[in-house]
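These protein sequence lines are chains A and B, in that order.
In terms of this note's numbering, the first sequence opens at residue 1 and continues consecutively.
In terms of this note's numbering, the second sequence opens at residue 1 and continues consecutively.
Note that these hints are calculated values from the structure, not bench results.
The model shown is predicted, which means the values in this text are computed figures rather than measured ones.
Do not rely on the hints blindly, as some may be mistaken.
[Unchecked claim] The calculated lysine-lysine pairs, modelled on DSBU-like cross-linking and capped at a C-alpha distance of 35 Å, are:
#	chain 1	residue 1	chain 2	residue 2
1	B	K298	A	K367
2	A	K390	B	K333
3	A	K325	B	K30
4	A	K390	B	K169
5	A	K232	A	K168
6	B	K299	A	K232
Listed below, chain by chain, are the residues.
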Amino acid sequence: MTDPGSEVIRIRGLTKRFGSTMAVTDVDLDIRRGEVLALMGANGAGKSTVIKILCGVHPSDSGAIEIDGRKIDFRSPLEACAAGIHAVHQIINDGVVQQLTVAENLTLDEICQPAGPAMLNRRRIAERAAEIQSILGLDLPLDCAMSDLGQAERQLVAIARALSHEPKVLILDEPTSSLSESEASRLFAIIEDLRSRDVAIIYISHRMSDVRRLADRAVVMRDGLIRAEFQKPLDFDGIVNAMVGHRTGAGARTAVPGGKPVAELSGFRLAADATPFDLELREGEVVVLTGLIGAGKSELAECLFGTRRPAGGAIKVDGRPYTPKSPGEAIAAGVFMAPEDRGNASLVTEFSVRDNMTLPFLHFFSKLSLLQSDRESAAANVQVSDLAIKCGSIDVPIFSLSGGNQQKVVLGRWLMRSARLLILDEPFQGVDIGARQDIGRHLRETAAGRATLVICSDLEEATEIADRIVVMRDFSVAGVHSLNDLSTDQLVAEISSGGLPAAFG
Amino acid sequence: MQPQSSNTAASATASSADGPTRTTSSQIVKDFIIRYGLLVILALMIVVFWRLEPAFANARNMFSILQAVSVTALLALGVTVTLAIAGFDLSIGSTAAMSLMASSYAMVILNQGTVVAVVACLLLGLLIGYLNGVLIVYGRIPDLLATLGMMFLLLGLQLIPTGGRSIAKGMTLGDGVAATGTFTDAFLALGRYRVFDLIPLPVIVTIVAAIILWVFMERSRFGRVLYAIGGNERATRLAGAPVERYKIAAYMISGLFASVGGILLSARVGRGDVTSGSSLLLDSVAAALIGYAVLGAKKPNVFGTAIGAVFVGVLLNGLTMLNAPYYAQDFVKGLVLVFALLFTFGFASSQRR
């Protein structure tokens with residue numbers, strides 16, 4: 001059973017839905033001993049849901065998982081650990097206890113054993129901790145408080161702790177995101193060592209250079225489905241292509257040329273060492289900003305909305321210089337933005353549908369500062385019917401709505417008043433296909449009279465709504481394309497910088 | 001559009017399982033208890049006390065109860081605003097005590113009149129709230145810690161000018177000279193005058209303040225933004241609200257209400273008593289928290305806070321009339337608070353998910 005290359009985990013027909021959103025659909029996946037499997041895909045593609053099911057965090061809706069030929073059904077993360085599956089999560093601070101020492105963190109699982117001794121033996125902990133860190137060949141200050149360590153060292157502690165269990169399967173979620181070059185190469189050496197010891201490794205990363213260095217096999221997910229599988233030698237353009245999706249039969253639409261410029265960026269630099277670029281957003285057209293994670297899409301939106309300062313260059317809105325210092329100033333100038341991560345950045349969970357919609361525009365709905373709730377309700381009802389929002393009434397709390405309908409409420413909020421420039425950051429994330437089409441259609445229908453900028457890393461979604469597609473890479477603009485003369489190959493090449501995507505992350 | 005119809009079906013079954021649409025009789029009873037439980041208990045309490053001790057229910061005693069709770073209620077109303085932004089103000093008790101000492105000091109030692117004393121106290125309350133807000137917003141100190149620090153600071157500060165002694169008419173000062181000032185009649189009337197020889201002025205002040213604050217929190221756009229900050233500060237900032245200014249304003253409102261409470265207390269006591277404000281903090285926080293349970297609000301709210309204050313007042317007055325021992329009072333207060341919180345969080349939580 002322990003030949004290298006034999007399957008340790010076999011997943012068949014795995015399906016998971018959250019509310020009305022299909023997070024994972026019918027996934028088949030084999031995980032093999034002594035192999036590094038790169039699991040890739042954009043945010044919301046379903047990678048972390050698969051991992052969470054494997055780790056016993058979420059139960060699956062249907063499908064089977066076998067470990068060494070035995071069917072399993074984890075009910076808690078502890079059961080997954082007992083079966084030999086260990087994960088190191090992307091957010092390191094979830095995996096370590098800041099107030100304890102390094103030694104205590106390394107041995108935390110043993111300290112927390114219910115059956116363990118009641119009194120702690122400091123010497124025993126120190127010995128065991130030294131043992132555990134020797135697995136990784138580390139030399140950390142064991143008596144130091146965790147909070148005194150840097151990000152990278154914390155990451156290594158979390159990995160060492162996972163390795164102390166001699167896992168069959170080790171899951172690493174973006175492990176290099178906070179590591180320096182030399183720390184990362186130490187981690188790679190450790191991963192290669194583990195591979196030679198027949199551990200199965202699932203490696204989640206957006207960084208192509210990591211994948212290039214480590215992966216024996218790559219699986220790409222998109223919209224909850226496995227879109228492609230690549231064996232060594234890996235085809236990197238093919239991976240990017242599968243991640244962002246192909247252009248589909250949306251060609252029936254032709255691009256709206258766009259009227260006078262609304263926002264003009266000139267000599268614009270998002271970071272001190274980034275290439276300056278110019279960009280014009282015109283009235284009536286929908287511009288989609290695409291690119292991989294870390295390409296600078298959200299950063300550009302944040303500069304336009306006053307939550308980030310550009311490193312250089314100028315913005316004009318309607319011909320006048322525009323330097324917003326807060327979202328309040330941006331909104332006053334007619335620049336509206338629906339940020340990514342609607343739950344944390346857009347919605348007030350306890351508030352009703354109506355109160356969530358009117359929040360930025362309360363002064364329009366009040367007289368002598370007293371709210372005129374009938375006017376609020378009327379305006380909210382218009383958006384509910386325009387966007388076909390499914391809710392009991394505008395007075396129900398927002399948390400009772402599905403993800404797609406919550407996203408429609410966010411869009412409805414910013415359509416209540418007429419914007420000069422409307423920015424939507426990943427409006428289709430965690431949204432089912434019906435809601436996605438409603439949102440896209442309504443966005444296009446209302447596009448006249450304003451400039452619209454949509455951030456969207458999925459090319460299929462992008463071509464559904466865009467008149468122009470702007471590709472970003474390395475905090476700068478890599479290409480601008482009209483919908484009318486769009487070449488998927490060229491887009492993909494620009495996104496991944498023609499197969500040389502070293503500085504992806 | 002196949003996927004869409006299946007999604008609709010899915011969300012329909014999901015919402016029917018969530019509960020709000022279920023109408024079993026046990027659900028109706030539960031909803032009723034969550035909404036009106038506390039008001040029903042308040043009414044029952046009044047009836048029971050009245051049957052056991054008929055003097056309880058006469059108008060004069062009722063207004064005495066309200067007068068007794070008016071200071072607590074004012075502080076509780078102030079802290080409600082900071083609770084609404086998901087903050088907390090532990091310094092309200094000592095702000096009120098500070099205002100009590102400051103008004104006494106202004107009149108007795110500095111020979112100032114009513115207006116100066118009152119205005120000075122109000123400004124002091126606003127200043128304390130401003131400092132709290134700045135410490136929390138720009139100093140990035142967690143609200144509990146910042147206002148705890150302010151609480152101790154004020155407790156010490158108010159004793160410095162008099163060397164730790166209470167302020168009374170004719171007290172001897174440091175240099176052996178007797179203080180020449182006195183509490184003005186107008187100032188004392190603030191705490192003692194009864195309109196139509198029945199309704200105490202502090203009760204009227206408190207009711208008016210409560211109504212103004214209710215309109216502010218429930219009907220004005222400012223209140224809506226304050227609640228939004230409490231619900232999701234980041235989302236509120238990204239919706240364009242100047243969150244920092246709102247948060248500082250919330251602490252200033254809290255300080256202002258606490259200082260009004262201190263003025264009324266000072267006017268009733270008629271001397272700068274160093275121990276007067278000691279129980280104010282906990283009683284008023286209790287009133288605000290009991291308010292969460294009123295009408296099933298499950299959040300800080302002005303009406304609930306007012307009811308909460310009355311609830312505590314009725315309970316304590318009734319127990320006193322029935323000659324319950326003094327130490328029973330804190331016990332009963334604690335019991336009520338625990339049950340009110342259970343109404344709010346325990347029983348209601350099954351509704352939410």
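Hint-by-hint comparison with the structure:
Between the alpha carbons of K298 of chain B and K367 of chain A the distance comes to roughly 28 Å, so the proposed pair stays at or under 35 Å and holds. With a CA separation close to 45 Å, the supplied pair K390 of chain A and K333 of chain B exceeds the 35 Å bound. Pair hint K325 of chain A plus K30 of chain B does not hold up; C-alpha atoms about 49 Å apart against a cutoff of 35 Å. Using a Cα cut-off of 35 Å, the hinted pair K390 of chain A and K169 of chain B is violated, with the two alpha carbons roughly 69 Å apart.
Taking the CA atoms of K232 of chain A and K168 of chain A, the gap is about 22 Å. The hint holds against a cut of 35 Å. Under the criterion of a C-alpha separation no larger than 35 Å, the hint pairing K299 of chain B with K232 of chain A is inconsistent with the structure, at around 57 Å.
Checked against the numbered hints given earlier, the structure breaks hints 2, 3, 4 and 6 and satisfies all the rest.
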